[in-house]
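Novice: For reference, the chains in residue letters:
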Amino acid sequence: MSLLRRSETSPAVKAVDGDPAAARFSDQLIAALPRLRRFARGLTGSVVEADDLVQAACERALARRDQFQEGTRFDSWMFRIVQTIWIDQIRARAVRKEEAEAPEALLRTDEPVRRVEARLTLDEVRRAVERLPPDQRAALLLVTVEGLSYKEAAKVVQVPVGTIMSRLARARIALQLQLEAGGGLRRSRKNVEAQ
Amino acid sequence: MSRPSDDRLVAYLDGEITGAERREIEAWLESEPDARSRLAALAESAELLREAYADVLREAVPDRLIAAARGTTLGPQTGARRSAAWRVAARAGRSRWWVALPIAASLCGFVAGGGATYFGILHGLAPGLGAEAASGAGATTAQNLWLDNAAGDFKLFASTGDKALIDVPASGDSREALQKISQTLTQQVRLPDLRPWGLNFQGARLLVVDGKPAAQLTYTTDNKAIGPLALIIGSTQQPDIRPTFDHRQGVNMLYWRHQGRAYVLVGQADAGYLWGIGNDVAWQLDAI
Numbered sequence: 000m001s002l003l004r005r006s007e008t009s010p011a012v013k014a015v016d017g018d019p020a021a022a023r024f025s026d027q028l029i030a031a032l033p034r035l036r037r038f039a040r041g042l043t044g045s046v047v048e049a050d051d052l053v054q055a056a057c058e059r060a061l062a063r064r065d066q067f068q069e070g071t072r073f074d075s076w077m078f079r080i081v082q083t084i085w086i087d088q089i090r091a092r093a094v095r096k097e098e099a100e101a102p103e104a105l106l107r108t109d110e111p112v113r114r115v116e117a118r119l120t121l122d123e124v125r126r127a128v129e130r131l132p133p134d135q136r137a138a139l140l141l142v143t144v145e146g147l148s149y150k151e152a153a154k155v156v157q158v159p160v161g162t163i164m165s166r167l168a169r170a171r172i173a174l175q176l177q178l179e180a181g182g183g184l185r186r187s188r189k190n191v192e193a194q
Numbered sequence: 000m001s002r003p004s005d006d007r008l009v010a011y012l013d014g015e016i017t018g019a020e021r022r023e024i025e026a027w028l029e030s031e032p033d034a035r036s037r038l039a040a041l042a043e044s045a046e047l048l049r050e051a052y053a054d055v056l057r058e059a060v061p062d063r064l065i066a067a068a069r070g071t072t073l074g075p076q077t078g079a080r081r082s083a084a085w086r087v088a089a090r091a092g093r094s095r096w097w098v099a100l101p102i103a104a105s106l107c108g109f110v111a112g113g114g115a116t117y118f119g120i121l122h123g124l125a126p127g128l129g130a131e132a133a134s135g136a137g138a139t140t141a142q143n144l145w146l147d148n149a150a151g152d153f154k155l156f157a158s159t160g161d162k163a164l165i166d167v168p169a170s171g172d173s174r175e176a177l178q179k180i181s182q183t184l185t186q187q188v189r190l191p192d193l194r195p196w197g198l199n200f201q202g203a204r205l206l207v208v209d210g211k212p213a214a215q216l217t218y219t220t221d222n223k224a225i226g227p228l229a230l231i232i233g234s235t236q237q238p239d240i241r242p243t244f245d246h247r248q249g250v251n252m253l254y255w256r257h258q259g260r261a262y263v264l265v266g267q268a269d270a271g272y273l274w275g276i277g278n279d280v281a282w283q284l285d286a287i
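Quick mapping for you: the protein sequence lines, in order, are chains A and B.
Quick note, the first sequence lines up with residues 0 to 194 if you use numbering that gives the first Met the number 0.
Quick note, the second sequence lines up with residues 0 to 287 if you use numbering that gives the first Met the number 0.
Derived from the structure by calculation, the hints contain no laboratory data.
All figures in this text were calculated on a predicted structure; none of them were measured in a lab.
Mixed in with the good hints, there may be bad ones.
[Unchecked claim] Here are some, though not all, of the chain B residues that point toward chain A, as calculated from beta-carbon distances under 7 Å:
no., residue
1, A67
2, G70
3, D221
[Stated by the list, open to error] Here are the simulated lysine to aspartate or glutamate pairs, EDC-like style, with alpha carbons at most 16 Å apart:
no., chain 1, residue 1, chain 2, residue 2
4, A, K150, B, D13
5, A, K154, A, D74
6, A, K150, B, D6
7, A, K150, B, E15
[Unchecked claim] Chain A regions said to be covered by chain B (calculated; three or more residues, Cβ under 8 Å):
no., segment
8, 49-63
9, 77-85
10, 137-148
11, 167-174
Virtual Cβ for every residue (Gly too), placed ideally from N, Cα, C.
Modelling step: build the complete structure from the supplied sequences, incorporating the hints.
Specialist: Right, dumping it as C-alpha cells:
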C-alpha cells in the first residue's frame, strides 16, 4: 500500500487529489524538499527546528499556491517563504540556542585522526554560520550554498542587490576569520595535503 | 587601481563582477600577493561551507514533510517512519558517470548465456507494472503478482549473500556488464551510479516485465541500513505513474513508470532511503 495513501487527508489534499495542477505543484514542492531542508538547517542550526520550518513553509506554499507565478523559479519562491517564516519566528521569540556540542565531546576514539579533524572542521563551519547575524546567514546560505546569484538572492530576501553584496562580504569575511581563529582552515589544508 | 572594497572582492570571487572591472581587479591582484592569499582563503572557506551542508541532501526526508507537501497529515502508522523527497534538482555539482549503451534487438544470445533460468521462472507471469493503470481486478491482481514476484526475487538474491544470482557480474568494468545486458534488451539501459549511497554495482540479471525483457541491476553495500538493493528497469506501454511506495514480503519497494519505462527499486532500506535513492536514480536516468 502506498505510503501516501496511508496518510490522512486534510481539506488541502482534496484539492491536490482532484486537481492535476495541484498535484504538479506538490511534486515540485517535494522535489525541492532536500534543498529547503539544507537551507533551513543552515538558518536554524537545528535538525528539528529546520524540519518544523520546512513543514510550515510547505503548508504556507500550498495555501498560497495561486501566488506562485509560472515561469519563475520555484526554489527561489520557496526559499523566500522559508526565510520569511524564519524571520517572523526569530522576531516573535527570543531564540535561545543551546550551546553547540563541545568539540571534545564529538571525538570518537575509533575514528582515524584525519577523519576526526575533517568532521571537526565541518562542525566548526556550521557553528560559525550559527554565530552570524540572521541577515548575513541567509545571504551566505542562499548564494554560497544554494548557488543563487546575487540578484536572485536579493529577490528572495527582498532587499537591493547591493545590500546582499555587503551582507555577503561581511559574512564571508567573518566566517573566514572564525575558521582561521579556530584552526578550521589549517586543519582543512592539512587534510588536503595529507591526501 | 586602488584597493577594491571587500564587497567587490567577494563579488569578484563569486563571479558577479564582469567586464572591465573584473580585469581591473585581476590586474590589481597580480601585484598584491597578500590579497591573492586572502581571496584564496575566502574561496577555501566557501568550499568548506558547501561541504558542511552537503550531507543534508542525502538524508532521508521525514514523512511528515512529504505529507505536508502533499497537503496531508500523517496517520499513526507512519508517524515514526521517515521518507526522502523525490529530488530533482538537488544534486548540483555531482558528476554523472552512468553508461548509456545502445541495444541489440535479439534475446537469443543472452538466453544461451545463462539467463534461461530466470526467463523460465518469470516468463508468462503478470504483465506487471504495465497493468496498474488498467481498470479491473485482473490488472490489480497482475500488478500484485509482479510486485510479489519482485519482492520474492529480491529476497532470494539478498539471502544468497554472493553473486550466485547474477547473470552478468560486474567484473571490474561495469560497462562490460551493461553492454552484455543491453544486447538482450530492446531498450537503452543506463547504469545509475549509487556509490555516493555506498552502493556498489554487482551485476545484472534478466527478468520479464510486462511480457518484455527487463534488466535487474543489483547493488550491495556494507551499510546494513541501505542494502542490498535491486533496480529493475523494464519497458511498458502504460501511462506514466508517479513513484509509489509499497511493502511486500518484508521488503520495501518503490515503483514508477516514465515515458515507456517501468522502474522498481527493491530493498530492505527504509522508505526514506528508498525515496532518496529512487530520486537519485530518476535524476540520473532522466526518469522523472
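Novice: Are three or more residues of the segment 77-85 of chain A within 8 Å, CB to CB, of chain B?
Specialist: Coverage by chain B is violated here, the residue count being 0 at a Cβ distance below 8 Å.
Novice: Is A/K150 close enough to B/E15, meaning Cα to Cα at most 16 Å?
Specialist: Judged against 16 Å, a Cα distance of about 10 Å means the pair holds.
Novice: Are the Cα positions of A/K154 and A/D74 separated by 16 Å at most?
Specialist: 12 Å, holds
Novice: At a threshold of 7 Å, is the proposed contact between B/G70 and chain A supported by beta-carbon distances?
Specialist: 3 Å, holds
Novice: For the segment 167-174 of chain A, does the count of residues with a C-beta closer than 8 Å to a C-beta of chain B reach 3?
Specialist: holds (count 6)
Novice: Just to be careful, I want the Cα atoms of A/K150 and B/D6 compared with a cutoff of 16 Å; is the pair within it?
Specialist: Holds - the C-alpha atoms of B/D6 and A/K150 are around 15 Å apart, at most 16 Å.
Novice: Can we keep the B/A67 interface hint, with Cβ of chain A closer than 7 Å?
Specialist: 4 Å, holds
Novice: Given a cut of 7 Å on the nearest C-beta pair, is the interface hint for B/D221 held or broken against chain A?
Specialist: Interface hint status for B/D221: violated (15 Å vs cutoff 7 Å).
Novice: Below or equal to 16 Å on CA atoms is what counts here, so check A/K150 against B/D13.
Specialist: 12 Å, holds
Novice: Are 3 or more residues of the segment 137-148 of chain A near chain B, judged by a Cβ distance of less than 8 Å?
Specialist: The restraint on the segment 137-148 of chain A holds, since 7 of its residues have a Cβ under 8 Å from chain B and three suffice.
Novice: Three residues or more, CB to CB closer than 8 Å: is that satisfied between the segment 49-63 of chain A and chain B?
Specialist: This one holds; 6 residues, not fewer than the three required, reach chain B with a Cβ under 8 Å.
Hint compliance for this structure: hints 3, 9 are not met, and every other hint is.
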